[in-house]
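Peer 1: Okay, here's what each chain looks like letter by letter:
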Amino acid sequence: MNSDDELRDLWREQPAAPVRKGEDMLTLVIERTRKVDRQIAARNTREICAALLVMVTFAVMAWHAGGWIERLGWAITSASGVWIVFYLMRHGKGPGRPDRDASVAAYTAVLAEFYDRQIRLLRSVKYWYILPMYCGVAIAALGQWLRTHDTAAALRGMSIVTLGCIGVAILNERYGVRKLEQLRAELPRND
Amino acid sequence: MIDDARRERFLRLIDEYQGPLARLAAAYLDDTADRDDLVQEIAAAIWQAIPRFRGDASERTWLYRIAHNTAITAAGRIRRRSRRQVPLDEADGSAWRAPTVERDEQRRLLLERVRALPEADREVIVMHLEGLSHGEIGEVMGASPGAIATRLSRIRERLTHELR
Numbered sequence: 001m002n003s004d005d006e007l008r009d010l011w012r013e014q015p016a017a018p019v020r021k022g023e024d025m026l027t028l029v030i031e032r033t034r035k036v037d038r039q040i041a042a043r044n045t046r047e048i049c050a051a052l053l054v055m056v057t058f059a060v061m062a063w064h065a066g067g068w069i070e071r072l073g074w075a076i077t078s079a080s081g082v083w084i085v086f087y088l089m090r091h092g093k094g095p096g097r098p099d100r101d102a103s104v105a106a107y108t109a110v111l112a113e114f115y116d117r118q119i120r121l122l123r124s125v126k127y128w129y130i131l132p133m134y135c136g137v138a139i140a141a142l143g144q145w146l147r148t149h150d151t152a153a154a155l156r157g158m159s160i161v162t163l164g165c166i167g168v169a170i171l172n173e174r175y176g177v178r179k180l181e182q183l184r185a186e187l188p189r190n191d
Numbered sequence: 001m002i003d004d005a006r007r008e009r010f011l012r013l014i015d016e017y018q019g020p021l022a023r024l025a026a027a028y029l030d031d032t033a034d035r036d037d038l039v040q041e042i043a044a045a046i047w048q049a050i051p052r053f054r055g056d057a058s059e060r061t062w063l064y065r066i067a068h069n070t071a072i073t074a075a076g077r078i079r080r081r082s083r084r085q086v087p088l089d090e091a092d093g094s095a096w097r098a099p100t101v102e103r104d105e106q107r108r109l110l111l112e113r114v115r116a117l118p119e120a121d122r123e124v125i126v127m128h129l130e131g132l133s134h135g136e137i138g139e140v141m142g143a144s145p146g147a148i149a150t151r152l153s154r155i156r157e158r159l160t161h162e163l164r
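Going line by line, the protein sequences match chains C and D. The first sequence begins at 1 in our numbering and counts up one residue at a time. The second sequence begins at 1 in our numbering and counts up one residue at a time.
Okay, chain D solo, but in the shape it has when bound (with noise of 0.2 Å):
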């Protein structure tokens, strides 16, 4: 018997946060099947984390540190199962169209540049791109919004150099 409570949430969570949960497991996996493997184990958390939820946090940083905390164990773990390496170009699904736009090139570059940084600094910019604030990243990852700024910063610099 399910929790009706329990179910309802689920059920609003998945409807509101797939889009950026896609998208995250995409920062950590160029297959689209270890995507979508991602995807439901951080489902399968954010399932068994919803009766502890005791809203100290806001829900939104208390979803992005389950897939987040998720992705760190399981993304290794399903790479390594699938031992399957795809081309970037076909594992965005982008594989039928020729790159040659100019956007769809940036795009692959900006995805290609997110999984190739170090996991936490991958982690900060991926809720960056989200629209988290400082204060909320650094509830998701555990520092100040200034310690989170300054990597910000950093790592901004970065892409935007790597993307020019």
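Isolated chain C, as found in the complex (with noise of 0.2 Å):
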């Protein structure tokens, strides 16, 4: 098995795949893409409704707050929910995925800025997801505690919320980053 003549005719003597009509392919690719944009469109409404809720859900409970450090810290909760919704199209959102037609090392590496930049927003996520918010609950609940001194319940309250924080933050920098690293080194190197 010397020549490149030979290789290529081992190469080429593979059992032939199924072979498909191109209107059959067609059908198929047409149902796939649609597929794909229904997909698209369900998780960005998904994420509107998420932000939509938490705010609306934040800013009912400011309103009816008993007092003004609990207004505040609610509304600075709801708030957040604005500013995490800014802040993914702002940063997460980067130059996007390029071109499949560009060429591989192009775009190995704009997948590659992709992954490291999705990489950054999942290992800051405690700085513009979780602490915005929790400083807005972490408020609303020394106002509560103001007004009813029930410290039991505060700290009640307090605790769920920090370790729900925690776990959304190990989730994305953990599982989530260590996902990503491995997508990003699953790109061809081309040196």
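Some clues are possibly wrong.
[To be verified] For lysine to any residue, the following SDA-like pairs were computed, each having C-alpha atoms within a straight-line distance of at most 25 Å:
#, chain 1, residue 1, chain 2, residue 2
1, C, Lys35, D, Arg6
2, C, Lys35, C, Asp99
3, C, Lys35, D, Glu130
4, C, Lys179, D, Arg80
5, C, Lys21, D, Pro51
6, C, Lys21, D, Glu8
7, C, Lys179, D, Glu130
8, C, Lys21, D, Glu130
9, C, Lys21, D, Arg164
10, C, Lys21, C, Glu31
11, C, Lys126, D, Ile155
12, C, Lys179, C, Tyr127
13, C, Lys35, D, Asp4
14, C, Lys35, D, Asp31
15, C, Lys35, D, Gln40
Note that these hints are calculated values from the structure, not bench results. Since this is a predicted model, take the numbers as computed values, not measurements.
With the hints as a guide, dock the two chains, each given alone in a separate frame, to form the complex.
Peer 2: Structure follows, in structure tokens:
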């Protein structure tokens, strides 16, 4: 097995894959493209709805709050929903995925940049995602405590929120980052 | 309403390149269904890219760029989703034949060795085996023909040594 021609012949002798008629492939491709478009639209709608839910829920809580400190806390939490959406739009999108008809080197470089950006975003999740929301909840809890002096309830509430925030941080900074790092490592090296 | 020119071009490309695309998918994935999935994904990327094709590159290099770039991101995802490891004999459709014939064994070994190459080397050798020139491979990869020649020489040496 030495010459190029021998290798080429051998390569092209691979058992034929099931051949599809072009029309059948076109139908499959159009269905697939529409499905992906629907999935993207559904995901975007879910994200917007979740952000709206956070904003509206905490805005209502701020409106009905028993004191100004509590109101301030819930207002900050509500505003943090807007902030998160803004931050994601500003820093999360980046250059976007490159066109598939770019050269492999160019495509890989943009993809690597895309992954790096996402990794940085997840690593800093405690600052731009958790901190604003946590501060708002903490201020609201302080306001509630000043109003009711129910220390046990305040501690219980803050413990749950703290644990939740730690969970979100771990999910993003460990598992999310690990997954993206794995994807980045799978990119071909052109050296 | 589908643009007729786009549709015609797509049908012609699929007719012309379905075999090479299936072999390219085989270089990335071992499961037959996964390969079919990858070919469909590449076809979808071609369909979406057709309106952008301006003829700056040859149609063949343009198509291989799309195919490899799609495989870079899709193959890993498809493999993880499938989570089914199929022995190579079964995967390449030759399970029903005992690989006693030397040719079958060599073919199986070639595919196995190509899959074991680092991804960039795999892309280069697949295009070489499909008959693309150094210049064309360079256009796809974004490298000079000289760099491709050097790389190919190294890969061929490794492959022929392993297949000997």
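Peer 1: Each hint should be assessed against the structure and marked as holding or not.
Peer 2: We went through each hint and held it up to the structure:
A hinted pair counts as satisfied when its Cα atoms are at most 25 Å apart, and C:Lys35 with D:Arg6 qualifies at roughly 20 Å. A C-alpha spacing of about 20 Å is found between C:Lys35 and C:Asp99, which places the hinted pair at or below 25 Å, so the restraint holds. In summary, the hint linking C:Lys35 to D:Glu130 is not supported, as the alpha carbons are separated by about 32 Å, beyond the 25 Å threshold. Taking the CA atoms of C:Lys179 and D:Arg80, the gap is near 12 Å; set against the 25 Å cutoff, the hint holds.
For the suggested pair C:Lys21 and D:Pro51, the alpha carbons sit about 22 Å apart, so the restraint of at most 25 Å is met. With a CA separation close to 13 Å, the supplied pair C:Lys21 and D:Glu8 stays within the 25 Å bound. Of the pairs offered as hints, the one joining C:Lys179 and D:Glu130 is violated, with about 34 Å between alpha carbons and a cut-off of 25 Å exceeded. Straight-line distance between C-alpha atoms of C:Lys21 and D:Glu130 comes to about 22 Å, which keeps the hinted pair within the 25 Å bound.
For a cut-off of 25 Å, the pair hint linking C:Lys21 to D:Arg164 is broken: about 38 Å separates their Cα positions. Our distance criterion of 25 Å between C-alpha atoms is met by C:Lys21 and C:Glu31, whose separation comes to about 16 Å. Taken as a hint, the C:Lys126 and D:Ile155 pair is broken in the structure, with Cα atoms around 46 Å apart against an allowance of 25 Å. With a CA separation close to 21 Å, the supplied pair C:Lys179 and C:Tyr127 stays within the 25 Å bound.
Distance restraint check for C:Lys35 and D:Asp4: the Cα-Cα separation of roughly 22 Å lies within the 25 Å cut-off, and the hinted pair is therefore satisfied. Taken as a hint, the C:Lys35 and D:Asp31 pair is honoured in the structure, with Cα atoms around 23 Å apart against an allowance of 25 Å. Between C:Lys35 and D:Gln40 the alpha-carbon distance is near 13 Å, which keeps this suggested pair within the 25 Å criterion.
Hint violations for this structure: numbers 3, 7, 9, 11, all remaining hints satisfied.
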